[in-house]
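> First to last, the sequence lines map onto chains S and B. Residue numbers for the first sequence follow numbering that gives the first Met the number 0, so the first one is 0 and each next one is one higher. Residue numbers for the second sequence follow numbering that gives the first Met the number 0, so the first one is 0 and each next one is one higher.
By construction, these hints were calculated from the structure, which means they are not laboratory data. Computed from a predicted structure; not experimentally measured. Honestly, I wouldn't trust all of these hints.
Where chains are identical, the list cannot tell them apart; a pair therefore holds if satisfied intra-copy or between any two copies.
With a cut-off of at most 27 Å between alpha-carbon atoms, the simulated DSSO-like pairs for lysine-lysine come out as follows [stated by the list, open to error]: (1) Lys100 <-> Lys173; (2) Lys70 <-> Lys1; (3) Lys182 <-> Lys100; (4) Lys79 <-> Lys112; (5) Lys207 <-> Lys100.
Number of protein chains: 2
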Amino acid sequence: MKLNSNYKILAASTSTIHGSGYLEYILDEATDFLNVDEILFIPYARPSGVTYDEYTEAPRKAFAQKNVSVKGIHEFENPKDAILNSKAIFVGGGNTFLLLKTLYKLDLMETLKKVVSEGTPYMGSSAGTNLTGMTIGTTNDMPIVYPPSFEALGFLPFNINPHYLDPDLNSTHKGETRETRIKEFHKFNSQPVLGLREGSWLEIENGKIELKGNFTARLFRSGVEAVELEELYDFWD
Amino acid sequence: MKLNSNYKILAASTSTIHGSGYLEYILDEATDFLNVDEILFIPYARPSGVTYDEYTEAPRKAFAQKNVSVKGIHEFENPKDAILNSKAIFVGGGNTFLLLKTLYKLDLMETLKKVVSEGTPYMGSSAGTNLTGMTIGTTNDMPIVYPPSFEALGFLPFNINPHYLDPDLNSTHKGETRETRIKEFHKFNSQPVLGLREGSWLEIENGKIELKGNFTARLFRSGVEAVELEELYDFWD
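Put together the whole structure using the sequences plus the hints.
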């Protein structure tokens, strides 16, 4: 499995881990990885319905500590040009359906694919990480709006399930576990699904995918028992 | 708010509550309410990817205890005719996206609306209950397939969130709570959302909606604090 060697992608399960500020756990690493002085932030996923301005303040404050400036895409007259001229892109979390619908509506999907395939660094958290996979078919989000397709950016040859949660064996709740949901996904879809726990992230560079953070990742494939992976090198080579 | 007085609908949060068999907690009530000797079961939501035959065995065994026979819609040559000729319909839970996509593909949505508006009793659990609302925009399910629309059967002038779960104040998980998700829904949709806890159900008859079971229901409206309801009579009259 050969990835585009121009890809420079950081795909995080979450922006925030328990007991820590926005991006705090990953800020050093993200700053080093992106290696730019200015980031274009895409706030379209609008967690909890905050405004684009309000949302953009969160990464702006975080990266300011590293002397990296952040501009929201909504601050530009032409969002397509903003992407084409960006030094690095960070797509924040929130609602994946809303994010995808907005990107399609503004006709930005192909532009994002183009710049990332040409080497513009891409960072995603949560919904922004769902987009790096083939489809949003393994998002945990509520379908609050109807996008014209579930097809995502497809940088990775699999789907991501961010905020991956192990089954709670003590639960009395009858809603499906995450694992059950992903198994259902595989009745109708063939691509692998990587369950990425909060505090873990992927770094894609030079055609390789590296698993970072404190946790193993859970790989689900159609018709095969799920496995825990400590690294992805071997699997995707 | 006047409902069609022909509607005879039982909308359950779940088919199964903790420590109890399939439909066990609601079997007496459902049998009395539907008041027929034969039920048409719609297994299209296929929980965990089971076959239609396997899935149909669950309600068949349950209702057999009440001398009510159950036939799966897939056992009929023409599913539209099966609905038109049914004495009562039970739409089981599973994946709401899959259920809706299948109903649209087989062109059964209008047929379901027709017979229920003319008085055929309809019972739903979980995904089958999501369908009784205006859209599936407040399902908890994973979007494993892409339906041609999120529009549901619209028997009720609101959306349902089945398996409603109160926020876990001790959780360290950063995924959104159910309440946060529904609030996000209301940034883009105006209809109320009723959070129905496992073990609760609605009975709609004579143009009235009654809340049954052991729990209050949580009503979310756009721009208003959520409230707990012990009954729905007053609110929907």
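> Each of the hints needs a verdict: does it hold here or not?
Cross-check of the supplied hints:
1. Lys100 <-> Lys173: between (31 Å within a copy, 23 Å between copies)
2. Lys70 <-> Lys1: neither (33 Å within a copy, 50 Å between copies)
3. Lys182 <-> Lys100: both (26 Å within a copy, 18 Å between copies)
4. Lys79 <-> Lys112: within (12 Å within a copy, 44 Å between copies)
5. Lys207 <-> Lys100: neither (29 Å within a copy, 37 Å between copies)
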